[in-house]
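Visitor: Listed here are the chains, written in short residue letters.
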Amino acid sequence: MTPPTFDAIVVGSGITGGWAAKELTELGLRTLVLEAGRPIVPERDYVEHKPPWEMPFRGLGDRRATASRQSIQSHSVSFDELSHVFWTDDVDNPYTTPADRPFYWFRARQVGGKSIIWGRQVYRWSDLDFEANLREGIAVDWPIRYKDIAPWYDHVERFIGVSGQKEGLAQLPDGEFLPPMALNCAEQYVRQRMQERFGRDRVLTIGRVANLTAPHNGRAPCHYCGPCHRGCITRSYFSSVNATLPAARATGRLTLRPFSIVKRLVYDSKKNRVTGVRIIDAQTKQEREYTARVVFLCASSLESARILLNSGVANSSGQVGRNIMDHIKWGGASGQLDGWTDRRVIGNRPNGIYVPRFRNVTSRHPDFIRGYGFQGGADRDGWEAALHAPGIGRALKVRMSELGPWSMSFAGFGEMLPREENRATLHPTLVDAWGVPSLHIDCRWSDNELAIHRDMNVAAAELLDAAGAKHIEPSTSGPSTPGGTNHEMGTARMGRDPKTSVLNDWNQTWDVPNLFVTDGAAMTSSGCQNPSLTYMALTARACHYAVEQLKRGEL
Amino acid sequence: MERRELIRWLVATAGLHGLVSLAPAELLAFGRDVHRRVTPHATRRTLTAHAEQTVTIAAERIIPGTDTPGATAAGVSDFIEKMLMDWHTLAEREHFLAGLTDLDARCRARSGRDFIDCAEADQVAVLSALDEAKQDWFARLKYLTVYGYCTSEVGARALGLFQLAGRYDGCASL
Numbered sequence: 001m002t003p004p005t006f007d008a009i010v011v012g013s014g015i016t017g018g019w020a021a022k023e024l025t026e027l028g029l030r031t032l033v034l035e036a037g038r039p040i041v042p043e044r045d046y047v048e049h050k051p052p053w054e055m056p057f058r059g060l061g062d063r064r065a066t067a068s069r070q071s072i073q074s075h076s077v078s079f080d081e082l083s084h085v086f087w088t089d090d091v092d093n094p095y096t097t098p099a100d101r102p103f104y105w106f107r108a109r110q111v112g113g114k115s116i117i118w119g120r121q122v123y124r125w126s127d128l129d130f131e132a133n134l135r136e137g138i139a140v141d142w143p144i145r146y147k148d149i150a151p152w153y154d155h156v157e158r159f160i161g162v163s164g165q166k167e168g169l170a171q172l173p174d175g176e177f178l179p180p181m182a183l184n185c186a187e188q189y190v191r192q193r194m195q196e197r198f199g200r201d202r203v204l205t206i207g208r209v210a211n212l213t214a215p216h217n218g219r220a221p222c223h224y225c226g227p228c229h230r231g232c233i234t235r236s237y238f239s240s241v242n243a244t245l246p247a248a249r250a251t252g253r254l255t256l257r258p259f260s261i262v263k264r265l266v267y268d269s270k271k272n273r274v275t276g277v278r279i280i281d282a283q284t285k286q287e288r289e290y291t292a293r294v295v296f297l298c299a300s301s302l303e304s305a306r307i308l309l310n311s312g313v314a315n316s317s318g319q320v321g322r323n324i325m326d327h328i329k330w331g332g333a334s335g336q337l338d339g340w341t342d343r344r345v346i347g348n349r350p351n352g353i354y355v356p357r358f359r360n361v362t363s364r365h366p367d368f369i370r371g372y373g374f375q376g377g378a379d380r381d382g383w384e385a386a387l388h389a390p391g392i393g394r395a396l397k398v399r400m401s402e403l404g405p406w407s408m409s410f411a412g413f414g415e416m417l418p419r420e421e422n423r424a425t426l427h428p429t430l431v432d433a434w435g436v437p438s439l440h441i442d443c444r445w446s447d448n449e450l451a452i453h454r455d456m457n458v459a460a461a462e463l464l465d466a467a468g469a470k471h472i473e474p475s476t477s478g479p480s481t482p483g484g485t486n487h488e489m490g491t492a493r494m495g496r497d498p499k500t501s502v503l504n505d506w507n508q509t510w511d512v513p514n515l516f517v518t519d520g521a522a523m524t525s526s527g528c529q530n531p532s533l534t535y536m537a538l539t540a541r542a543c544h545y546a547v548e549q550l551k552r553g554e555l
Numbered sequence: 001m002e003r004r005e006l007i008r009w010l011v012a013t014a015g016l017h018g019l020v021s022l023a024p025a026e027l028l029a030f031g032r033d034v035h036r037r038v039t040p041h042a043t044r045r046t047l048t049a050h051a052e053q054t055v056t057i058a059a060e061r062i063i064p065g066t067d068t069p070g071a072t073a074a075g076v077s078d079f080i081e082k083m084l085m086d087w088h089t090l091a092e093r094e095h096f097l098a099g100l101t102d103l104d105a106r107c108r109a110r111s112g113r114d115f116i117d118c119a120e121a122d123q124v125a126v127l128s129a130l131d132e133a134k135q136d137w138f139a140r141l142k143y144l145t146v147y148g149y150c151t152s153e154v155g156a157r158a159l160g161l162f163q164l165a166g167r168y169d170g171c172a173s174l
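Going down the list, the protein sequences come from chains S and F.
Note that the numbering used here has the first sequence beginning at 1, numbered continuously upward.
Note that the numbering used here has the second sequence beginning at 1, numbered continuously upward.
Worth flagging that the hints you see were computed from the coordinates, not collected in a lab.
We put the beta carbon where it would ideally sit given N, CA and C, even for glycine.
There's no promise every hint is true.
One-sided and incomplete, this derived list gives chain F residues near chain S with beta-carbon spacing under 10 Å [stated by the list, open to error]:
1) L47
2) T48
3) A49
4) H50
5) A51
6) I57
7) R61
8) K82
9) R106
10) W137
11) T145
12) C171
Covered stretches of chain S, as calculated for chain F (at least 3 residues, CB under 8 Å) [claimed, not checked]:
13) 95–104
14) 195–205
15) 220–229
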């Protein structure tokens with residue numbers, strides 16, 4: 001029998017695939033990374049410094065092309081006239097939902113995946129999160145606690161570079177931070193006024209963000225140009241392309257194959273092992289197989305579930321595709337602040353403020369369990385205010401050049417509970433442009449999420465009131481569409497029991513020992529913090545475990 | 001171009017029965033012109049010269065040249081034309097063009113001339129009245145004018161927008 005071509009295969013080159021590539025190659029494994037999309041060359045593909053006058057629609061986007069090819073992807077907050085090339089084509093990549101329950105499935109197929117267009121907010125979880133399911137009898141218990149993941153948070157933060165402010169809060173552990181970005185004058189004031197009214201209960205801090213504020217591991221600090229979702233030629237924010245894949249390449253053990261669409265895993269039932277991966281070349285549509293001793297699925301939560309379902313493996317629990325979670329958003333409020341009329345902001349800070357979760361931390365809220373955090377920030381109205389201002393002529397022209405008052409806004413990101421009925425299944429007939437069966441996604445908010453969403457308006461208004469804001473306007477948006485926060489997770493959850501979970505405490509599938517899933521699919525609950533840091537830490541941790549097991553001959 | 005619009009255009013330009021009198025070369029040219037307009041996105045379609053002039057002058061009245069450049073110097077009408085032709089829906093474009101026709105009607109009622117031939121003071125008065133009346137087609141024109149100006153190289157330089165400072169200062173002096 002021929003030996004496997006590679007020691008390891010990693011499916012996906014996004015935020016977790018990049019980490020798996022780096023860890024596995026650095027630990028000595030010859031690793032093949034399969035990426036469904038095209039290669040990315042920063043010098044060719046990054047366009048963050050293009051001014052609006054170099055865009056045909058000046059940043060408003062090609063509305064007709066968007067309507068015909070990217071009507072779903074365009075709902076993402078980081079989709080625009082230039083960054084649209086980093087999102088998939090909705091016609092080539094179809095899926096369905098019940099007619100009355102839309103779900104936005106945002107996908108990125110290129111080397112780097114969504115790590116090119118992610119929001120870069122990184123927050124640790126605490127035992128408030130890891131113990132929640134057990135404490136409240138929701139779904140299943142996480143098989144790990146903060147102490148298990150804390151060293152891996154350290155490990156990841158040291159490499160990616162996170163700027164942030166230590167606050168000493170139990171519910172949002174501090175990390176290994178580079179210097180924090182500055183709060184602007186209005187935000188500093190709001191922080192102070194919140195402290196006076198709420199003490200340590202509701203704290204405003206600068207966002208913890210994977211943008212460098214100092215040179216770090218050979219990458220240059222942020223120069224505050226603004227549109228990170230169009231790439232970063234100075235590699236100042238963390239992405240697979242900017243950091244982990246170059247590190248993996250430096251080992252000499254990385255093989256990266258773009259245009260590789262995974263059709264299914266190849267499973268040997270006699271050995272109960274996956275022996276490799278069958279792919280379709282996206283350009284030639286030719287199929288071929290690659291073999292390896294261990295396989296990591298890092299294809300994104302729903303894609304990894306889709307691969308497992310299409311392969312018919314690792315699903316003895318029946319939990320694959322279930323428990324879809326996202327974060328509910330669009331609750332909050334904004335208001336005007338007097339003062340600092342002689343001050344303005346210079347530069348585009350790729351970061352805002354963060355108010356860590358304060359509901360159900362030390363006291364019990366009557367309407368819901370879990371909670372939410374606020375993101376947001378303060379700034380002065382600029383020329384955009386003139387778009388709808390009254391008058392024409394010189395007066396309007398003056399208006400265009402003036403800065404308006406400072407306004408402060410808070411936008412909530414709320415935890416979603418895991419529920420089995422929120423589920424992705426294989427579509428009986430629909431396939432994508434390469435013939436791979438698509439998903440049918442059925443997901444909706446429960447009453448708990450809707451209660452969280454309502455409370456966001458109330459609490460945000462309280463924060464603005466504490467700051468002495470005027471014209472406080474609660475959000476008039478209804479809840480976001482599930483999937484719309486692009487924090488989808490949970491579709492192959494970790495647990496303590498093979499009967500009720502897909503993965504054990506090392507992200508290893510209970511059913512097939514040499515198969516690991518380390519993207520958002522692994523999440524047992526959703527927390528309210530942006531989840532990517534936890535995905536990365538789980539990935540690094542699982543890689544070290546897998547290599548130890550390989551060496552012991554256990555896989 | 002959609003079928004309904006195509007038919008309207010054919011009738012408005014030549015009148016179909018007028019085609020019989022055309023020489024073969026003229027017919028070919030006519031056919032090419034029709035195909036050019038029918039093929040989506042193939043070639044840039046344009047406003048009529050009259051509509052283009054109307055938009056250019058109206059934009060200049062909305063953002064006049066002063067000690068800094070105005071809408072004309074910033075090429076705003078090219079942007080508006082691009083948006084009308086390649087971004088807005090046919091219905092939105094027709095609504096906008098009907099607004100331009102109404103603008104001429106208002107000017108003729110006031111001074112006996114189309115908008116582009118009116119005195120500047122009359123132009124300003126008519127546009128101001130539309131602005132105060134919150135006419136939605138005019139709100140669209142104004143939006144496109146302000147947006148096109150601020151996102152043009154000339155306008156952005158005049159206003160100090162979209163400049164890369166290379167740093168962040170959250171509390172800088174004005």
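Visitor: Going through the earlier hints one by one, which of them does the structure break, listed in rising order?
Guide: 1, 2, 3, 4, 5, 6, 9, 10, 13 and 14
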